[in-house]
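Residues per chain, in single letters:
2 protein chains.
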Amino acid sequence: MAQDKTSDPRQSSGNKLSVLRKHPIFADLEPDALDQLCRYAKHTTVKRGATIAAKGDPGNNLFAVVSGTVKISSSSPDGRNAILNLIGPGEIFGEIAVLDGAPRSADATANTNCELYIIDRRDFLPFVKSQPELAMKFIELLCGRLRWTSQQVEQVILQNLPGRLASALLGLTEERKLDSGSGTLAITQQEISEMVGMTRESINKQLRAWAARSWVRLEHGAIVVLDIDALRELAESGLEGG
Amino acid sequence: MAQDKTSDPRQSSGNKLSVLRKHPIFADLEPDALDQLCRYAKHTTVKRGATIAAKGDPGNNLFAVVSGTVKISSSSPDGRNAILNLIGPGEIFGEIAVLDGAPRSADATANTNCELYIIDRRDFLPFVKSQPELAMKFIELLCGRLRWTSQQVEQVILQNLPGRLASALLGLTEERKLDSGSGTLAITQQEISEMVGMTRESINKQLRAWAARSWVRLEHGAIVVLDIDALRELAESGLEGG
DNA sequence: CGGGAATGGTCGGTTTCCCGACACTTGTCC
DNA sequence: GGACAAGTGTCGGGAAACCGACCATTCCCG
Numbered sequence: 001m002a003q004d005k006t007s008d009p010r011q012s013s014g015n016k017l018s019v020l021r022k023h024p025i026f027a028d029l030e031p032d033a034l035d036q037l038c039r040y041a042k043h044t045t046v047k048r049g050a051t052i053a054a055k056g057d058p059g060n061n062l063f064a065v066v067s068g069t070v071k072i073s074s075s076s077p078d079g080r081n082a083i084l085n086l087i088g089p090g091e092i093f094g095e096i097a098v099l100d101g102a103p104r105s106a107d108a109t110a111n112t113n114c115e116l117y118i119i120d121r122r123d124f125l126p127f128v129k130s131q132p133e134l135a136m137k138f139i140e141l142l143c144g145r146l147r148w149t150s151q152q153v154e155q156v157i158l159q160n161l162p163g164r165l166a167s168a169l170l171g172l173t174e175e176r177k178l179d180s181g182s183g184t185l186a187i188t189q190q191e192i193s194e195m196v197g198m199t200r201e202s203i204n205k206q207l208r209a210w211a212a213r214s215w216v217r218l219e220h221g222a223i224v225v226l227d228i229d230a231l232r233e234l235a236e237s238g239l240e241g242g
Numbered sequence: 001m002a003q004d005k006t007s008d009p010r011q012s013s014g015n016k017l018s019v020l021r022k023h024p025i026f027a028d029l030e031p032d033a034l035d036q037l038c039r040y041a042k043h044t045t046v047k048r049g050a051t052i053a054a055k056g057d058p059g060n061n062l063f064a065v066v067s068g069t070v071k072i073s074s075s076s077p078d079g080r081n082a083i084l085n086l087i088g089p090g091e092i093f094g095e096i097a098v099l100d101g102a103p104r105s106a107d108a109t110a111n112t113n114c115e116l117y118i119i120d121r122r123d124f125l126p127f128v129k130s131q132p133e134l135a136m137k138f139i140e141l142l143c144g145r146l147r148w149t150s151q152q153v154e155q156v157i158l159q160n161l162p163g164r165l166a167s168a169l170l171g172l173t174e175e176r177k178l179d180s181g182s183g184t185l186a187i188t189q190q191e192i193s194e195m196v197g198m199t200r201e202s203i204n205k206q207l208r209a210w211a212a213r214s215w216v217r218l219e220h221g222a223i224v225v226l227d228i229d230a231l232r233e234l235a236e237s238g239l240e241g242g
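One line per chain: the protein sequences are A and B, in this order.
For the first sequence, UniProt numbering assigns the number 1 to the initial residue and increments by one for each residue that follows.
For the second sequence, UniProt numbering assigns the number 1 to the initial residue and increments by one for each residue that follows.
Wrong hints could be hidden among the right ones.
With a Cα cut of at most 20 Å, we get these calculated PhoX-like pairs of lysine-lysine [said to hold, decoys possible]:
#, chain 1, residue 1, chain 2, residue 2
1, B, K22, B, K137
2, B, K137, A, K129
3, B, K129, A, K137
4, A, K205, A, K22
5, A, K129, B, K129
6, A, K137, B, K137
In short, the hints are calculated from the structure, not lab data.
What you are looking at is a predicted structure, and each value in this text was computed from that prediction instead of being measured.
With the hints as constraints, model all of the structure from the sequences given.
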């Protein structure tokens, strides 16, 4: 997993460089700037289930995912849980609190064992301000996030369970965040229920109805999307599908 | 209403200056930059109900609200409607499509008669890039939007009707977007239902239950919040309240 | 390889909420 | 000032989803 040894700064820096360059937001930085960024980035690994950041904390760090997936979620006093986003390799998270200085608005936990880079806010904020191009990149990133989140609100208001579930499966399939090839999504039904805001039972019922139609195939801890067009049609019409 | 006459550039520019300076995002600009911005901004008025921008359009304009309120919404094929945001005086909207170049993700309609400034993307984008401070302001703006929208997703997933309704009323009261003093919200029950994603009937039923407890008072086309603490408690616990 | 945790599958009773319909009030525009 | 639109109040049937309670299976870790 962690091939760079923190005891060897030279090699560490070299690996960091090649990894950070794959993150779209840093890809176009000048070599000097990228090098500077590498010096700021600290390498870490976290075990599945571990808390990376908690709601309400000061946002002192920006995170970049090297491997694994991170779950952004929030929970209510009565134990219910809402999954807001899943962050995969090549993506960053925790940028909002870093950029605006307000407390974290959600929890971040390791959905699988993860390899991360952590960048301190005190290093990063001046760095962004010194790189106008990077600021524009962040504006684009935030715009994308906003589009995604607004669409979620839209779907949750306009669509019923089948529509929402279809939309969620489509989103996961298209982004390939959990894709291990040919439409296999490594996600539990419990997690899906927390993404769309319905109970696990309702999700299970709907999924098996679709499995009977060969739209999907259910495996343990995974869902295989077989007929993506059927799901797309259902998601777009927003109706029916029981 | 419209005190600046477009036939008189001098006076127009003077008024624009004082108005644009009230928008937090432009407030800290250098006088020269602000002056430049005024030259870009075109003044317009739109009548209640008129479409300002439509979903799918290219985002060629940034809008700043001078007076009135604008409704950001999206509708499904079967006629259902979702209100995503309400924009009041001193706020801007339409910035996402301008900043990232993608099509508009929602409709914008005049909720009341409105007075707006319109700025062309071709003028504005180079302007932002030439003003590093402004880029940071936009980052903060987008972060705020993202926090608000994420919270909406959270609420819609975690809370039931009473909780969501209470949260919506609290939000509207605290932002004072529709406030005409002492907690009076100028909003119809139909509109609230489209904000929280429930039917008007359900909203009406819940509101009258609260009116019976003197938590709110219902007027024609308006809601007066009487006991804000009761609503806050309900919104935070997320439970009960029938 | 064995035990426990995680995940999936299943079931009715109950609640919530939608749906369609309608009467009444208020406001607005000609 | 009168017609019409917009907004509110109300009702009951029926569908959708929750809830709590299970057991079966699979996986993972010691």
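Hints, verified against the model:
As the CA atoms of B:K22 and B:K137 are separated by approximately 14 Å, the hinted pair is consistent with the 20 Å bound. Pair hint B:K137 plus A:K129 holds up; C-alpha atoms about 11 Å apart against a cutoff of 20 Å. Under the criterion of a C-alpha separation no larger than 20 Å, the hint pairing B:K129 with A:K137 is consistent with the structure, at around 11 Å. In summary, the hint linking A:K205 to A:K22 is not supported, as the alpha carbons are separated by about 40 Å, beyond the 20 Å threshold.
A C-alpha spacing of about 12 Å is found between A:K129 and B:K129, which places the hinted pair at or below 20 Å, so the restraint holds. For the hint pairing A:K137 with B:K137, the CA-to-CA distance comes to about 14 Å; that is within 20 Å, so the pair holds.
Violation of the numbered hints given earlier is confined to hint 4; every other hint is satisfied by the structure.
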